[in-house]
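Participant: What follows is each chain in one-letter form.
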Amino acid sequence: MNELLKELYQEIILDHGNEPRNFGVCETHNKSAHGHNPLCGDKVSLTLFVDDDDIIKDIKFSGEGCAISVASASLMTEKLKGKKLSYAENMFKDFTDLVKGSEDSLSTIDEDDSLYALKGVKDFPMRVKCATLAWHTFKNALKE
Amino acid sequence: MNKDKIIRKDIRNDFPILSKKILKTKDLVYFDTAASAQKPQVVIDELNQFYKSHYSNVSRGVHTLSVESTLRYEDARKKVQSFINAKSENEIIFTKSATESINLVAQTFYDKYMSTGDEIILSLMEHHSNLIPWYFLRDKYGVVIKFANITESGEIDVNHFESLITPKTKIAALTHLSNVYGSKIDEKVSSICKRNNVAILLDGCQSAAHLKIDVQKLECDFFVFSGHKTYGPSGIGVLYGKENLLNEMPPYQGGGGMIGEVTTDKVSYAELPAKYEAGTPPIAEAHGLGIAIDYMNNIGIENIFNHEEELTKYAYEKISELDFVKIYGDANNRNSIISFNIENIHSHEVSSFLDVEGIAVRAGHHCCQPLMKHLGVNSTSRLSFGVYNTIEEVDIFINALIKCKEFFIK
Ligand SMILES: Cc1ncc(COP(=O)(O)O)c(C=O)c1O
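First to last, the sequence lines map onto chains A and B. For the first sequence, our numbering gives the first residue as 1, with consecutive numbering after it. For the second sequence, our numbering gives the first residue as 1, with consecutive numbering after it.
Since the hints were made in silico from the structure, they are not lab data. Please read all numbers here as calculations on a predicted model, not as lab measurements. Certain hints may be false.
Claimed, not checked - Capping the alpha-carbon separation at 20 Å, the derived lysine-lysine pairs in PhoX-like fashion look like this:
1) Lys6(A) <-> Lys318(B)
2) Lys6(A) <-> Lys405(B)
3) Lys168(B) <-> Lys140(B)
4) Lys93(A) <-> Lys81(A)
5) Lys6(A) <-> Lys168(B)
6) Lys6(A) <-> Lys24(B)
7) Lys403(B) <-> Lys6(A)
8) Lys318(B) <-> Lys405(B)
9) Lys43(A) <-> Lys410(B)
10) Lys78(B) <-> Lys170(B)
11) Lys168(B) <-> Lys212(B)
To be verified - Here are the in silico distance ranges between beta carbons for each label pair:
12) Asn30(A) <-> Tyr314(B): 29 to 39 Å
13) Lys212(B) <-> Gly101(A): 22 to 32 Å
14) Asp53(A) <-> Lys24(B): 46 to 56 Å
15) Asn159(B) <-> Lys57(A): 36 to 46 Å
16) Leu85(A) <-> Asp186(B): 53 to 63 Å
17) Ile402(B) <-> Ser62(A): 30 to 40 Å
C-beta atoms are modelled at their ideal positions from N, C-alpha and C, and glycine is treated no differently.
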């Protein structure tokens with residue numbers, strides 16, 4: 001089997017793609033956003049509960065999309081839960097760098113990180129948008 | 001199976017891009033002609049030659065180059081005219097794309113023949129290019145848009161279509177050949193329109209390179225297509241319109257070339273076709289389209305049709321044998337296009353997987369979101385054929401599809 005495909009579809013991606021974690025809507029939430037990739041029709045809706053100390057106490061997503069976009073959303077929610085917003089924004093930047101192929105100056109994601117599994121996307125430029133859809137939606141939710 | 005008997009085997013040599021290796025090792029299998037066709041060497045060479053030896057602006061000067069350019073530009077118009085069997089050259093307007101052609105018709109047809117409350121009929125399987133220009137009219141002027149249903153087999157429900165017509169219906173804009181199903185429109189639709197005095201625009205983007213087009217037999221008032229899907233350059237589109245309509249409708253854009261006389265307080269307009277061609281047109285692109293038409297005529301549109309029909313039938317049969325694949329639409333009314341999904345695998349995965357095997361197919365909503373909604377899916381994969389495709393390529397595709405399923409569903 002082709003190496004690039006193996007890189008792209010690591011076990012953890014297929015797993016999260018098939019059985020996404022934190023799928024649904026947060027019972028109480030104070031931030032939310034919808035994301036949409038007009039090129040392919042993939043959709044994601046995100047809800048968060050952020051407390052007074054700017055900590056993400058709860059985060060859930062729903063929507064439909066390809067394995068990459070669903071797995072990315074699922075992994076993102078796992079990673080962001082419990083993080084401070086300022087740290088989460090740095091993760092956003094690091095993650096978008098990672099999937100575009102620049103992994104030199106990452107401060108919040110390292111090689112052992114589950115998010116690292118999405119690095120294979122860099123060899124499929126048309127799929128970068130799939131991987132970053134949830135993250136851009138997160139960014140928009142914070143703007144509220 | 002008698003392989004590739006209709007089209008000469010060395011036809012692939014006409015298309016330099018087909019010798020490209022994907023990821024340095026895989027032969028390219030190009031199954032995305034519906035998105036855009038590849039270009040034969042003659043078209044590439046002629047574009048080059050045009051810029052090298054004949055190029056200038058058209059219809060604007062008297063010097064030699066202007067004459068040479070204008071001759072070629074107008075020659076291309078004649079070629080389009082006979083390609084679709086229009087009565088007159090005046091009925092052929094060059095635009096930048098089919099999309100622009102539809103926008104032109106929507107705006108100017110409204111201006112002349114419609115007012116608030118009048119009705120337009122579209123179908124659920126129209127391309128966004130044949131939806132949004134009409135939505136503009138709904139938003140700006142309050143016209144009413146009605147949608148004809150699509151049957152299970154991927155065709156316009158003719159009875160439903162007819163039932164939508166009222167005295168307020170002024171125009172129907174429908175795809176001649178669906179870019180998702182590959183189905184051709186039922187000829188009854190044009191006669192129904194004619195009987196009810198409703199104008200009809202056919203979107204020929206997916207038919208022009210595959211079927212013999214005769215706008216008079218089709219009984220359409222407008223017919224549009226894009227050069228890039230007919231082996232020609234991008235940046236050139238065609239609008240065919242009946243001469244009396246084009247004469248009555250107002251111009252679309254204002255600019256150089258479309259005027260009769262201009263003073264500080266008024267303007268009169270040029271005769272057809274210049275009236276609708278404001279500004280410097282896509283000159284080399286029109287010439288390139290003319291060469292592409294020559295190319296198709298040399299092979300013979302009927303031969304292209306038969307070849308693609310054989311490929312489509314073969315591919316349909318082979319895919320049908322795979323129980324994990326769902327094909328959209330029917331076997332019988334299908335030309336050069338097959339849309340499908342593999343159960344539980346998103347079209348993006350299919351497309352990325354096939355890409356690594358060297359196979360180019362389209363994944364997504366195909367600019368048909370209302371149709372996707374109707375089908376209850378988010379996206380589909382689509383293979384589409386051109387004159388250069390072969391039975392062997394279909395076999396490569398089928399094997400890759402099986403491998404794809406095994407990769408994702410363990
Ligand atoms: C049925 C149909 N209509 C319209 C279009 C729009 O063509 P263009 O983008 O060349 O204007 C396409 C192209 O995808 C099409 O398939």
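Participant: For this structure, which hints from the list above don't hold up?
Facilitator: The structure conflicts with hints 1, 5, 9, 10, 11, 12, 13 and 15, although it agrees with all the remaining ones.
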